[in-house]
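Student: Kindly generate the complete structure, drawing on both the sequences and the hints.
Top to bottom, those sequences are chains V, Z and H. As numbered in the working numbering, residues 1224 to 1330 make up the first sequence, in order. As numbered in the working numbering, residues 74 to 249 make up the second sequence, in order. As numbered in the working numbering, residues 191 to 820 make up the third sequence, in order.
Possibly wrong hints are sitting among the right ones.
Partial pick of chain V residues on the chain Z-facing surface, computed with a CB cut under 10 Å [unchecked claim]:
| id | residue |
| --- | --- |
| 1 | L1238 |
| 2 | V1243 |
| 3 | I1254 |
| 4 | F1260 |
| 5 | Q1289 |
| 6 | F1294 |
| 7 | A1325 |
Worth flagging that the hints you see were computed from the coordinates, not collected in a lab. Built from N, CA and C at the ideal position, the CB exists for glycine as well.
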Amino acid sequence: MNGIPPHSIPTEHGLIVAAVLFVLGVTGVLIRRDILFVLLSLEIMLNASGLAFIVAGARWLQPDGQIMFIFILAVAAAEVSVGLALILWMYSWNRTLDVDCASKMRG
Amino acid sequence: MTYAFYIASLVAIAATVRVITGTHAVHALLYFVVSLLAVATIFLILGAPFAAALEVIIYAGAIMVLFVFVMMMLNPGPRSVRREQQWLTPGIWVGPVILTAILMAELAWVLTRGGDTGSSMETVTPRAVGMTLFGPYLLGVEMASVLLLAGLVGAYHLAYHLGRRREREREGGKET
Amino acid sequence: MFEFIWLITAMPFAGFAILALAGSRLSRRGVSVIGAGSVGLSAVVSILTGVNYIFQSPPGGAYTQPLWNWLAVGGFAPVISLYLDALSVVMVVVVAVVSFFILLYSSEHMAREEGVRRFFAYMDLFVGSMLVLVLADNLLLLYLGWEGVGLCSYLLIGFWYEDDDNVRAANKAFIITRIGDTALAIGLLLLFVHLDTLNIQGILAAAAWQWTGGSNLAFWAALLILGGAVGKSAQLPLQTWLPDAMAGPTPVSALIHAATMVTAGVYLIARTHVLFTLAPLVQGLVAFIGAATLLLAAASALTQWDIKRVLAYSTISQIGYMFLALGLGAWSAAIFHFMTHAFFKALLFLGAGVIIAGLGDEHDLHKMGGLRRKLPVTFWTFLIGAASLAALPLVTAGFYSKDLILFTAWTSERGSFWLWAAGLAGAFLTGLYAFRMVFLAFFGEAKSAVAERPGRAIHVPLIVLAVLSLVSGFIQMPAAIAPVTVFSDFMSASLPPVKMVPVSWPLEIILLLAAALVPVAGVIFAWWFFLYRPGLTTAFVGRPAAASIHRFWFIGWGFDVLYNALFVRPFVWAARINRGDFVDLIYRGTAWFSAQLAASLSGTQSGMIRRYALGITLGTIFAVGLVLVL
Chain V
1224 MNGIPPHSIP
1234 TEHGLIVAAV
1244 LFVLGVTGVL
1254 IRRDILFVLL
1264 SLEIMLNASG
1274 LAFIVAGARW
1284 LQPDGQIMFI
1294 FILAVAAAEV
1304 SVGLALILWM
1314 YSWNRTLDVD
1324 CASKMRG
Chain Z
74 MTYAFYIASL
84 VAIAATVRVI
94 TGTHAVHALL
104 YFVVSLLAVA
114 TIFLILGAPF
124 AAALEVIIYA
134 GAIMVLFVFV
144 MMMLNPGPRS
154 VRREQQWLTP
164 GIWVGPVILT
174 AILMAELAWV
184 LTRGGDTGSS
194 METVTPRAVG
204 MTLFGPYLLG
214 VEMASVLLLA
224 GLVGAYHLAY
234 HLGRRRERER
244 EGGKET
Chain H
191 MFEFIWLITA
201 MPFAGFAILA
211 LAGSRLSRRG
221 VSVIGAGSVG
231 LSAVVSILTG
241 VNYIFQSPPG
251 GAYTQPLWNW
261 LAVGGFAPVI
271 SLYLDALSVV
281 MVVVVAVVSF
291 FILLYSSEHM
301 AREEGVRRFF
311 AYMDLFVGSM
321 LVLVLADNLL
331 LLYLGWEGVG
341 LCSYLLIGFW
351 YEDDDNVRAA
361 NKAFIITRIG
371 DTALAIGLLL
381 LFVHLDTLNI
391 QGILAAAAWQ
401 WTGGSNLAFW
411 AALLILGGAV
421 GKSAQLPLQT
431 WLPDAMAGPT
441 PVSALIHAAT
451 MVTAGVYLIA
461 RTHVLFTLAP
471 LVQGLVAFIG
481 AATLLLAAAS
491 ALTQWDIKRV
501 LAYSTISQIG
511 YMFLALGLGA
521 WSAAIFHFMT
531 HAFFKALLFL
541 GAGVIIAGLG
551 DEHDLHKMGG
561 LRRKLPVTFW
571 TFLIGAASLA
581 ALPLVTAGFY
591 SKDLILFTAW
601 TSERGSFWLW
611 AAGLAGAFLT
621 GLYAFRMVFL
631 AFFGEAKSAV
641 AERPGRAIHV
651 PLIVLAVLSL
661 VSGFIQMPAA
671 IAPVTVFSDF
681 MSASLPPVKM
691 VPVSWPLEII
701 LLLAAALVPV
711 AGVIFAWWFF
721 LYRPGLTTAF
731 VGRPAAASIH
741 RFWFIGWGFD
751 VLYNALFVRP
761 FVWAARINRG
771 DFVDLIYRGT
781 AWFSAQLAAS
791 LSGTQSGMIR
801 RYALGITLGT
811 IFAVGLVLVL
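Tutor: So, in structure tokens, the structure goes:
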């Protein structure tokens, strides 16, 4: 392999896209006050990191990227299910989804 | 092919922006689904068909559906839209945007430091993925299954006690 | 016989120990018996020792009795040992005998005081310390006695401690003498460092051999010792504490602040006379201090209305005479004056105590009068004491000692006309103020009634001291009258005679007449201005110029005001500013800062999820930044 093969996508561009999606997810976590939206933004971040793995795997033509993506997917699934259950609990206690109200662990 | 990649990326980014700026919960969820589909397209372009399939089936199909169900349970309605509008003032964007801009700049610089390389866009077949998954990464597979089991048990446990609590509340409400 | 000299100091200490430990179980009578008796035994032993010394003097004129080793650190190994020579004999006998009579007087005078046990305990401790001071063989033991008498002085001035004024007077005395004590301590260090010993005779021998006359070290050693002496003996510039020390009971004033403690400085200089001979500048300073102080104090004594303050200033003035003698090199003359002064000053104070107690605690001379009929014994003894103080010629002991000093002021190699003139002026003033006291208190019409008459325990000491004030002078007479030099011969073993310029016979007679007649003139002036025509005096003092001089002399020539402005006020101001104690602030500041830091850090634990997310983001930025940089 010498030089850039024709019709290929530069890896940096893919990684930049992943970074942009990740940063958007961070922004969402910092801004939103409704806990469902916070969880959603977390999902955005997870998805973005998965994209980064796939891009890397495609670069090296190895299946490891996709395997990491599978693991990330498993984690996201487990996290979402437990997280949503906790959100339901929080709603039943505080009668609101305002994340600022869940501040009982004050120092 | 490359144009498809850039178009799909733009779609994903735009959809994500709509997710984080939206006030209606369900709309935001649906925008996220669009973003997920766009990312799946990117996977396909990059030669990872298995990952694309998983993205659509599991992420968009299972996880987001779960999200939609819970959201429906919590029954947001127009009141929550108004609340979100109250909370999402323009002033609130300033700080986080600055921070994330810094982060973006740093990431961009880190990621583009290497030489200019390209991906060859050859497909990595599901077969290759499967053989590697149950080969060197077997332990990871088992751990993931344990993780999912833990998630399952946790969710069930929480839901059970939630149900009991709701019952008690209803009975308490009925007695008075 | 000399082996018993340790008893001289041990018995008062034993008295102190008994009174301190078991005194509350004794009756008042028992307390005074132990208190006065222990000192009485000590006086008996000292007299016997003195007699033994006169008739069977030990070889070399001195006897040393080492008692035990005090400590041994490196090359420094002082020994508790007592040294007896002619000077010690005189000092010990005078101190012990006068102390005994004063304590005998106290047994009646202080009989109804509440703290009588405390009084006798402190007095015994004092007498013991003073005797240690006088008998000490090395300067360290002397310093121990020095500090001991300072402590007892403080305790006894503040005897009636419930009154704040007394406490303040005690503090003032202690602090001012402390300044002198510090100088003395530095002098001791200097002597030890350079001469390797603190044994007094050793120091004198080594100094005479190692330091030539006018050497720098001798100058500083002598100057520092002078500093200590000036503090303890209340001379310029540290004389301000003695008039205020009159706040203590009268026996305390008699013993400590007249006869014994204040003369410790004189003793110290006489003991270390070799150092002063090697430092002529300092010796000149001693004479100057003596002359200036005697005039200053005599002028102040003239203006006081409190009888005890008159006597206090008089003490300062008479010790000025002793310093003058020391400065002239007339060591034995100074000790001779010390001896006569101890007798008549103690007598005057005891008499004043009788008057004050008899009139119901009245100190003001202008409120006394006509007491010579009511208190006859007191009157005659007080008169004798005042006559001795004024140095009335031929009959009083004071005349012989003062005349010796005046004569030496003229004839000594270190003497000068001005020193002699100062002494003579002082003699005039002394006669004036002494008999002002007598005339105001005992003559004229009675202004207050006498509440009680003294008993035998008071009269006996008065009479004995009066007799001593008369006869103790006959052992040293001027050559013009009779060639009696018993005292200086006795002292010549330890104190060298003064070097004198020979004077012609007529001059000697003139000097003698001057010394004799000037005090008499003072007495006549006192009679004229205070008894015969007291109206003249009040008119004279009423004039503005005279009144301001009177006021100036009354406040002790402004020294108190000066020291207050120079030292006390700035110190109190600095202490007030530092009330927050800026050094402490460092520690408190550290604690405060930690508390502030904790408070601000605990603010980060708000429990708000978005804040935590913010923290995570910041951390990520920082971490990625690190990757970039490193």
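Student: Identify whether the interface hint at F1294 (chain V) stands, where standing means a beta carbon of chain Z within less than 10 Å of its own.
Tutor: With a closest approach of 6 Å, the F1294 (chain V) hint holds.
Student: Using the nearest Cβ pair, does I1254 (chain V) come within less than 10 Å of chain Z?
Tutor: Hint on I1254 (chain V): holds, closest Cβ of chain Z at ~5 Å, below 10 Å.
Student: Tell me if the interface restraint on Q1289 (chain V) is satisfied: Cβ within less than 10 Å of some Cβ in chain Z.
Tutor: 5 Å, holds
Student: Against chain Z, run the beta carbon of V1243 (chain V) and see if the smallest gap drops under 10 Å.
Tutor: Since chain Z brings a Cβ to about 6 Å from V1243 (chain V), closer than 10 Å, the hint holds.
Student: Close enough to count: is the Cβ of L1238 (chain V) nearer than 10 Å to one in chain Z?
Tutor: L1238 (chain V) check passes; min Cβ-Cβ to chain Z is 4 Å, inside 10 Å.
Student: Closer than 10 Å between Cβ atoms is the bar; does A1325 (chain V) clear it against chain Z? Give me holds or violated.
Tutor: 15 Å, violated
Student: Given F1260 (chain V) as an interface hint, is its Cβ closer than 10 Å to any Cβ of chain Z?
Tutor: F1260 (chain V) check passes; min Cβ-Cβ to chain Z is 7 Å, inside 10 Å.
Taken one by one, the earlier hints fail for this structure only at number 7.
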